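**Student:** Construct all of the structure, not just a fragment, from the sequences and the given hints.
Number of protein chains: 2
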Amino acid sequence: MKFDPTSLKFDNNGLIPAIAQDHATGEVLMMAWMNAESIARSLATGQVTYWSRSRQAFWAKGETSGHVQRLVEFRVDCDRDCLLLKVDQTGPACHTNRRSCFFTVVEGGVEGITSDPM
Amino acid sequence: MKFDPTSLKFDNNGLIPAIAQDHATGEVLMMAWMNAESIARSLATGQVTYWSRSRQAFWAKGETSGHVQRLVEFRVDCDRDCLLLKVDQTGPACHTNRRSCFFTVVEGGVEGITSDPM
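So the protein lines, in turn, are chains A and U. Taking my numbering, the leading residue of the first sequence gets 57, the next gets one more, and so forth. Taking my numbering, the leading residue of the second sequence gets 57, the next gets one more, and so forth.
The set of hints was computed from the structure by calculation and includes no laboratory data. Wrong hints could be hidden among the right ones.
Unchecked claim - Below are the SDA-like pairs computed for lysine to any residue, each with C-alpha atoms no more than 25 angstroms apart in a straight line:
(1) K65/A <-> S171/U
(2) K58/U <-> C134/U
(3) K58/U <-> S171/A
(4) K65/U <-> A100/A
(5) K65/U <-> I169/A
Unchecked claim - If the Cβ cut is set under 8 angstroms, some of the chain A residues that face chain U in the computed set are:
(6) F59
(7) Q77
(8) A92
(9) V128
(10) F158
As the list claims (entries may be wrong) - Not close to chain A: a few residues of chain U, all C-beta gaps over 12 angstroms, as computed:
(11) Q112
(12) F114
(13) A149
(14) G164
None of the values given here were measured: they were computed from a predicted structure. Ideal Cβ placement from N, Cα and C applies to all residues, glycine included.
**Tutor:** This is the structure in structure tokens:
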């Protein structure tokens, strides 16, 4: 079946959550949001482009930092309301300069930091 | 620092997205939503409980199907607006009886199915 980005279930703001996972290690790097046009751009260029909710603008990942995400595999979930992007991440995915945004762990009711900036 | 679920950034509906990942294989299994109380219940019991947006009710994963998720690790992202749950999943995570909800791949503009029901 031909893939049509508009067939996905977007929220009231026209957005869908996208999980970025390191294609080689399986590490979950980040979660951000896409609209139909950012999906089309990502598929067309092979470079991941999100929609920035804070800036209300397209966010070509790594455009200024150089920390680009090359799209290796694009997956859709059963409800068509979430995306999984397997990516080849250059450098850190997180704005704190860590490889993954998920560096805070909760254990025994206490928060801990699991990784340092690169 | 003591972890306080109310310190997270919830959306206008009081919800936060939670990614469930197989703790052993790294496979991303599903994405669902939690509120502060479902987070507290998950951490207290060690069994993952989401909030069902369609039913507007707590959703103790596997309560009826037996396909429970034991919480192995609980992570928070840098913006505190997304969760990563490393879980020990019994059987399929997906309601289609597949291990993961992300069984649809888009390649060359065409959708394909990557796994069969268990």
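**Student:** Evaluate each hint against the coordinates.
**Tutor:** Taking the hints in turn, this is what the structure says about them:
{"no.": "1", "hint": "K65/A <-> S171/U", "verdict": "holds, 22 angstroms"}
{"no.": "2", "hint": "K58/U <-> C134/U", "verdict": "holds, 16 angstroms"}
{"no.": "3", "hint": "K58/U <-> S171/A", "verdict": "holds, 19 angstroms"}
{"no.": "4", "hint": "K65/U <-> A100/A", "verdict": "violated, 33 angstroms"}
{"no.": "5", "hint": "K65/U <-> I169/A", "verdict": "holds, 18 angstroms"}
{"no.": "6", "hint": "F59", "verdict": "holds, 5 angstroms"}
{"no.": "7", "hint": "Q77", "verdict": "holds, 6 angstroms"}
{"no.": "8", "hint": "A92", "verdict": "violated, 13 angstroms"}
{"no.": "9", "hint": "V128", "verdict": "violated, 11 angstroms"}
{"no.": "10", "hint": "F158", "verdict": "holds, 4 angstroms"}
{"no.": "11", "hint": "Q112", "verdict": "holds, 16 angstroms"}
{"no.": "12", "hint": "F114", "verdict": "holds, 19 angstroms"}
{"no.": "13", "hint": "A149", "verdict": "violated, 10 angstroms"}
{"no.": "14", "hint": "G164", "verdict": "violated, 9 angstroms"}
Checked against the numbered hints listed earlier, the structure breaks hints 4, 8, 9, 13 and 14; every other hint is satisfied.
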